[in-house]
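> The primary structure of each chain is shown beneath.
There are 2 protein chains.
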Amino acid sequence: MNTLGLVFMRFCAGIRTTLHLRSLRCSSGMSLSQIDEEVAKLLELKAQLGGDEGKHTFVLKTAKGTRDYNPKQMAIREKVFNIIINCFKRHGAETIDTPVFELKDTLTGKYGEDSKLIYDLKDQGGELLSLRYDLTVPFARYLAMNKITNIKRYHIAKVYRRDNPAMTRGRYREFYQCDFDIAGQFDAMIPDAECLKIVYEILSELDLGDFLIKVNDRRILDGMFAVCGVPDEKFRTICSTVDKLDKMAWEDVKKEMINEKGLSEDMADQIGEYVCMQGGMDLADCLLQDPKLSQSKQACAGLTDIKQLFSYLQILQVTDKVVFDLSLARGLDYYTGVIFEALLSQTVPAPVSTRVEQNMAAAGDEAGVSVGSVAGGGRYDGLVGMFDPKGRKVPCVGVSIGIERIFSIMEQKAEASLEKVRTTETQVLVASAQKNLLEERFKLISELWNAGIKAEFLYKKNPKLLNQLQQCEEKGIPLVAILGEQELKDGVVKLRNVTSREEVDVPRADLVDEIKKRTL
Amino acid sequence: MNTLGLVFMRFCAGIRTTLHLRSLRCSSGMSLSQIDEEVAKLLELKAQLGGDEGKHTFVLKTAKGTRDYNPKQMAIREKVFNIIINCFKRHGAETIDTPVFELKDTLTGKYGEDSKLIYDLKDQGGELLSLRYDLTVPFARYLAMNKITNIKRYHIAKVYRRDNPAMTRGRYREFYQCDFDIAGQFDAMIPDAECLKIVYEILSELDLGDFLIKVNDRRILDGMFAVCGVPDEKFRTICSTVDKLDKMAWEDVKKEMINEKGLSEDMADQIGEYVCMQGGMDLADCLLQDPKLSQSKQACAGLTDIKQLFSYLQILQVTDKVVFDLSLARGLDYYTGVIFEALLSQTVPAPVSTRVEQNMAAAGDEAGVSVGSVAGGGRYDGLVGMFDPKGRKVPCVGVSIGIERIFSIMEQKAEASLEKVRTTETQVLVASAQKNLLEERFKLISELWNAGIKAEFLYKKNPKLLNQLQQCEEKGIPLVAILGEQELKDGVVKLRNVTSREEVDVPRADLVDEIKKRTL
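Protein chains in written order, with this note's numbering: chain A, 1 to 520; chain B, 1 to 520.
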């Protein structure tokens, strides 16, 4: 063993003791998540050591915060995507695609405090590039670049954030976003209402249990900050702090406002009075009468739009799941009007292997592990103008569905149900009952493929019939087409139903039709 | 204007003169492609300067060698993908997905001379990462990591190469690969034959004109190098040089072998005699009798397998497009057995806007712009073992369809035909004939969405009927559901066929069924 290996051994021994002590502390209710951190550090050290020891010491892992999808997970993912894409198409959207990386400058100045989470590419000569952080900024760049002032498009693709991953709760560094956006100059709140209707339709159809869509408006937040005495230049950073209310108690948010962001206690308390308010159209009405808030023109414009929005949502019959919530702030800088976020009420049952971590997280989160936000969006009327050479604005509103959390739930649901997830669509397995029939199998399967039948065979010269039948059971293939000397002589194929074990001789010429009929 | 701006102005003035001189030279037949290079340099300089001048001087472009897909291009892309995915599913494949980046170590030592084209991510603390260069290495990593010894999977995803882009010929730095691979210990040439059948099916169904699939075997190449006196350690680098025969004349390849790779002229000449050979099963038979080549056990094993492969291809009825070609080498290091590559015979008609560049390229390429290779693959029995801690091998064979070149052709075909490409699937537009009916439109469209009908409406309070009908014409929406005071009173909706302009009153309760019936 080389020196690095020895260092590693000593390091491990040290950590083992630490782990032992920690676990004792944990059983008395102390933090287990620190152990996860230590383990992660250890694995990274192991990775670094492994890389130096030659060809067979590769670290077999995916990059931190990322994962592979196996065929079963892909089958579930496809199902989720289909529901979402169908909804987007039902609402008349086209689709576009943009590259996975953008010029670094394109992303600069769009994400506020989150900009530190952007992945940069190494400077290998040429342009400076970054991986996309969301699909909204590339969309705005696309509109400005192609001078498009009117489009309804969806875009489903992966985005990248160097965030702290929490994979059991569906938080990854590489993850899918499913975005639907409407760009164009239209009458107030009509496309905004459609976006909320879309979230409602998708979350209902995915059947993930109860959900709630919170709605607010950046102009109401800004107006509220103004009347509470917050200086203009602190609006965005205070907005980021308010945004933490879904994860932090008000007392901690207040502390951050005072200690880190420099508000007076009085300002913070005034904000505190507003951000605990929740309601519907009535609350908007009521706040329009609020002696303080109504002094802000911005706030009034936002409140009037919220009222209009709720009136459309009533016609769309979705108000049972929508709430006007003054604590909703959203992290990103580019929102200018209505903002919204959808949350599932359901807690996620953790897989057994990770239940310890989950329980700890639950303890930290007060009660039950909420998967939190599964969709979010809002109006960003200024973003396209940031890209246009003449600053021409294209008003936009859109929503982004966060598929990973939804996918975590769907996966766990599939695991809990006993139904087997098929990962192929194969209709028939071409089998032989005797030896030396490989060429005949090749000939038959080729006929089937050419006729559009989904067919497989075993890649063996002389497979046993039993093995061929087992393959069908394992993969859920419903039919077997069996060839033997007798069948070849008679010009037939023995077609066997895998579940019922019934067999019939089918004339070769009728086989394709018979398979199609049985696997509709 | 700041200093950088002035530098830019002076630089431009200089280039303008250069361009002027160059264009004179061009009209007398000199290189135009140098101008393209200068223009590219200028644009990059402009980009760098622009970044410093504030918010509205963004360079509105995608990263070099990448592009957006607009809705029309996406509609075509979807069509191509569907054909390919259907074929993969017809052959019983599951699908997986892997992250867009891998640990840098995972990609190291897999691509030979092409490794310099890998995109690295910036070291922002933590692991060193690279963008995937193909889907094959991540697949091998996935198999080793999950101890999978038997799988048939497809994977369609983007890969990244810092190559010299030639976008009009479909060569990009970000591009899709559509991979189908069979992993497992099977009888010789059975899965290999299926891979070739798949290429044959896909290229036939895409209807891109005539094509040719070249087949060879790495063991034949290595045996040939051995009997020609090439030292073992030069096999892979000489292989890379032979691989250039599709773009370079033999004389130039020979020069590279002698001057850059250090072969003797005699060795090169001996190789030259073999690499001009093309044929079928007969050629393999003939070479098995070749007094020199038959002395290599490796070559004989390869030739025997080629014979076996052709016997299966005959049963699969695809030999009309398959040729055994000793010049086929493939660039990548990891192939160990059969290799193949599919080429379209068709030349691509260039879009008018880029015809100048195309003509230049054509002049360089002797005659017509060939899109070249559209699919390639082979057997790589050692790759998974490079990842397995114990070096356990999993034999694999697979094929990769290069979608961008195919897509370029399909796009040009769509442009040439006058048929309009629809980018949405909207069945009906909900319209109003009078003012103040927004709420009624909202109500009706909500009913339609809830019934699964694909419907749109204009985001205006009081749109003109003419504008609403125009929208249908533009987007190819086949039906309009028109609401007016009278229709509301009568409990009907006026359903209009956009093409024929026929209108009928449909009772509200029957509307969904009527729309479904008409848009099946």
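Since the hints were made in silico from the structure, they are not lab data. One should not assume that every hint holds.
Same chains, same label: a pair holds when it works inside one copy or across any pair of copies.
Heads up, simulated EDC-like pairs for lysine to aspartate or glutamate below, C-alpha to C-alpha not over 16 Å straight-line [said to hold, decoys possible]:
| # | residue 1 | residue 2 |
| --- | --- | --- |
| 1 | K461 | D187 |
| 2 | K255 | E233 |
| 3 | K147 | D68 |
| 4 | K307 | E439 |
> All hints are to be evaluated individually against the structure, with a verdict given for each.
A quick look at each hint next to the structure:
1. K461 / D187: Cα proximity of K461 and D187: across copies only (6 Å, versus 69 Å in one copy).
2. K255 / E233: neither (19 Å within a copy, 67 Å between copies)
3. K147 / D68: Intra 38 Å, inter 14 Å, cutoff 16 Å: inter-copy only.
4. K307 / E439: between (73 Å within a copy, 15 Å between copies)
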